[in-house]
Each structure stands twice: as structure tokens, then as C-alpha cells.
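**Student:** Chains E and G are the protein sequences, given in the same order. Sequential numbering of the first sequence, starting at 279, is according to this note's numbering. Sequential numbering of the second sequence, starting at 3, is according to this note's numbering.
It is possible that some hints are incorrect.
Here are some, though not all, of the chain E residues that point toward chain G, as calculated from beta-carbon distances under 7 Å [claimed, not checked]: (1) Val-291; (2) Ile-294; (3) Leu-298; (4) Ser-304; (5) Glu-305; (6) Ile-309; (7) Ile-313; (8) Ser-317; (9) Val-319; (10) Lys-340; (11) Ser-354.
Keep in mind that the hints were calculated from the coordinates and are not lab data. Bear in mind that the values here come from a model prediction, so they are computed numbers and not experimental data. A virtual CB, placed ideally from N, CA and C, is assigned to each residue, including glycine.
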Amino acid sequence: MTITVDKKTVKNVTNIIEGLGQNPNSESVVILEDIGTNSKVDSIRELTCRALVKRNEHDSLKVVITNKGKGINDMSTIVAMSTINELLALDDKTEAMKVLTDTVEMHSDEEVRDNARSVKALMALS
Amino acid sequence: MANLSIPSIRERLFNTSRHEQTTQRSSNPFAASTFKGNVLTADVFESSTKQNQPTFTGKLKASTFVGSISGIGERFQHMIDSVVKFGVRVKESVVNSWNKLEGIEISFNPLKERMTSTYNHAKEMLTTPISEMFSTGISSKQVAKMADMTEARQLLKDNLALWEAAA
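Construct the complete structure from the given sequences, taking the supplied hints into account.
**Tutor:** If you want it as C-alpha cells, here you go:
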């Protein structure tokens with residue numbers, strides 16, 4: 279499928295997502311989760327997940343680690359790998375490791391637990 | 003040995019045209035004079051006209067060329083200096099104007115506020131990157147500072163709809 283999105287729209291969406299990721303209001307995480315991570319466009323989901331990881335807060339990291347079909351559990355390999363990459367690039371991995379440990383130990387879904395375990399192992403090695 | 007026969011002396015005394023022909027080529031005023039019967043045909047004096055007309059050859063030509071180049075450089079330097087001085091004068095003028103404005107007690111507060119906001123706006127414009135200044139799109143800084151989250155949600159929704167419609 280050929281995507282014919284104009285550059286201005288892409289730039290605007292990128293800036294809005296990045297801006298919401300930097301906005302100190304916690305409501306911005308909810309907005310990104312509701313709208314960004316549920317988009318049908320892989321690129322939008324990817325941008326959203328990366329912004330949530332960069333935020334490096336408990337609530338934003340929970341969205342991309344514990345939700346089935348979002349972040350590291352996304353159906354799209356590109357989205358999942360980008361999220362993992364962003365997690366590995368974090369300077370302070372403390373909060374991410376905490377969320378990953380909680381997910382491995384307490385999440386109800388086995389697939390989510392397995393993914394979290396793999397990412398946790400990767401982060402421990404990096 | 004000079005020819006001192008009578009015909010030759012007579013010829014010298016009364017028929018001088020031949021000698022004049024030989025001396026006319028010279029610029030020496032004494033060339034027509036004789037010394038012990040010999041005519042000085044060689045031009046042993048430097049011509050005054052030659053000294054006033056230097057020929058542009060060799061080193062002289064090169065030095066003239068170099069001189070002209072250095073002259074251009076100086077002229078450019080003067081031009082640049084003038085521009086720099088002009089810039090400094092403008093800057094000083096602006097700074098002095100602002101200092102005067104600060105010093106003047108303006109009783110009409112709205113005017114002072116207006117002038118201050120204009121100055122602040124100009125200052126902000128000068129510190130803003132050119133790419134952002136001419137961009138009509140949404141910047142991440144704007145969104146990061148947004149206080150109204152309903153507006154932010156709507157903004158994201160609208161722009162995502164544009165992207166999704168095109169995809």
C-alpha cells in the first residue's frame with residue numbers, strides 16, 4: 279500500500295506526539311494511550327510508544343510494557359522493536375526494570391509475561 | 003691621422019651638410035662640435051625626455067601590478083571597516099535607546115507595557131531558530147506547554163485523522 283501523506287501532516291503529528299510526551303500534565307499519557315497507541319497506522323503507534331518510553335515515568339512505561347497489543351507486545355514487529363530499542367536507550371532504566379519485573383511476576387497473560395522477561399534480560403545485558 | 007689636405011679642409015668649411023646628416027640623429031647639442039677634427043657622433047648624454055617616460059617592463063611592471071592589488075585590498079578593508087562601524091553604531095543606538103526607555107519614567111502605563119512587550123517579542127524572535135520562525139506548522143514546544151488537555155486531545159485527534167485518511 280502506497281502512503282501519500284503530505285510532509286506537513288507527518289511533521290505536525292510527530293510534533294504533537296513529541297510535545298505530549300514532554301508535557302508535564304499526566305493527562306497527556308492518557309491521550310497518547312487512547313489515541314496514539316490505538317491508531318491503525320504503524321508509524322503513529324511507533325511514534326507514540328517512543329514518546330511514552332522517553333517520558334520514563336511509571337504510568338507511561340506501563341502502557342508500553344503491560345498492555346497486550348501495545349508497545350513491546352504490538353503485532354507489528356517494527357513497533358515492538360522500536361519500543362524495545364527506546365527502552366534500551368534509556369539513561370535511567372530503574373523505572374523500566376521495575377515495571378518489567380512486576381509484569382513478569384504478576385501479569386495474567388503468558389505472552390505478555392514472556393515478552394517482558396525477554397526485554398528485561400536484554401536490558402540487564404545492556 | 004686626420005686628412006689635412008686643402009680640398010678636404012675646404013670641403014669641411016664650406017660643405018657641412020654631410021656632417022650635419024650624421025649629427026642630426028643625436029640629441030647631443032655638442033654632437034656638431036669637433037674635437038681635434040673628429041666629430042662626436044655618440045650620444046653620451048642622457049636624454050631628459052627619456053627620464054620622464056619610464057617603460058613598464060620587468061620589475062617595474064610587476065611592482066606596479068602588486069601595488070594596484072594591495073590598493074584594492076585596502077579599499078575593500080576600508081569598505082568592510084565602514085560596514086562593521088555602521089553595525090556597531092546601529093547596535094549601540096538600539097542599546098542606548100532601550101536604556102533611555104528604561105530610564106524615562108512613563109506615566110502612561112499601557113504605552114510602557116506595549117513597548118516592553120514589543121521589545122520582548124523582538125528579543126524572542128531573534129532567539130527563535132529561523133526554521134521555526136517561517137514554519138506555519140505545530141511545534142512540539144507549543145504542545146509541551148499546552149495547559150488545556152481537551153484542546154491537546156482534539157489537536158492530536160484531528161491531525162491523526164488527516165494522516166489516517168491519506169494512508
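**Student:** If a hint holds in the structure, say so; if it does not, say that too.
**Tutor:** Hints, verified against the model:
1. Given the 7 Å rule on beta carbons, the hint for Val-291/E holds: about 5 Å separates it from the nearest Cβ of chain G.
2. Hint status for Ile-294/E relative to chain G: holds, with the closest Cβ pair at about 5 Å, below 7 Å.
3. Annotation: interface hint on Leu-298/E holds; nearest CB of chain G at approximately 6 Å, less than 7 Å.
4. For Ser-304/E, the suggested interface contact is broken, since its CB lies about 9 Å from the closest CB of chain G, more than 7 Å.
5. With a cut of 7 Å, the hint placing Glu-305/E at the interface with chain G holds, because the nearest CB-to-CB distance is about 4 Å.
6. Given hint, Ile-309/E at the interface with chain G, holds; its Cβ is 5 Å from that chain's nearest Cβ, closer than 7 Å.
7. For Ile-313/E, the interface hint holds, the least distance from its beta-carbon to any beta-carbon of chain G being 5 Å, beneath 7 Å.
8. Among the interface hints, the one on Ser-317/E holds; its C-beta lies about 6 Å from the nearest C-beta in chain G, closer than the 7 Å criterion.
9. Checking Val-319/E against chain G: minimum C-beta separation of about 5 Å stays under 7 Å; hint holds.
10. Given hint, Lys-340/E at the interface with chain G, is violated; its Cβ is 19 Å from that chain's nearest Cβ, farther than 7 Å.
11. The beta carbon of Ser-354/E comes no nearer than 14 Å to any beta carbon in chain G, farther than 7 Å, and the hint placing it at the interface is violated.
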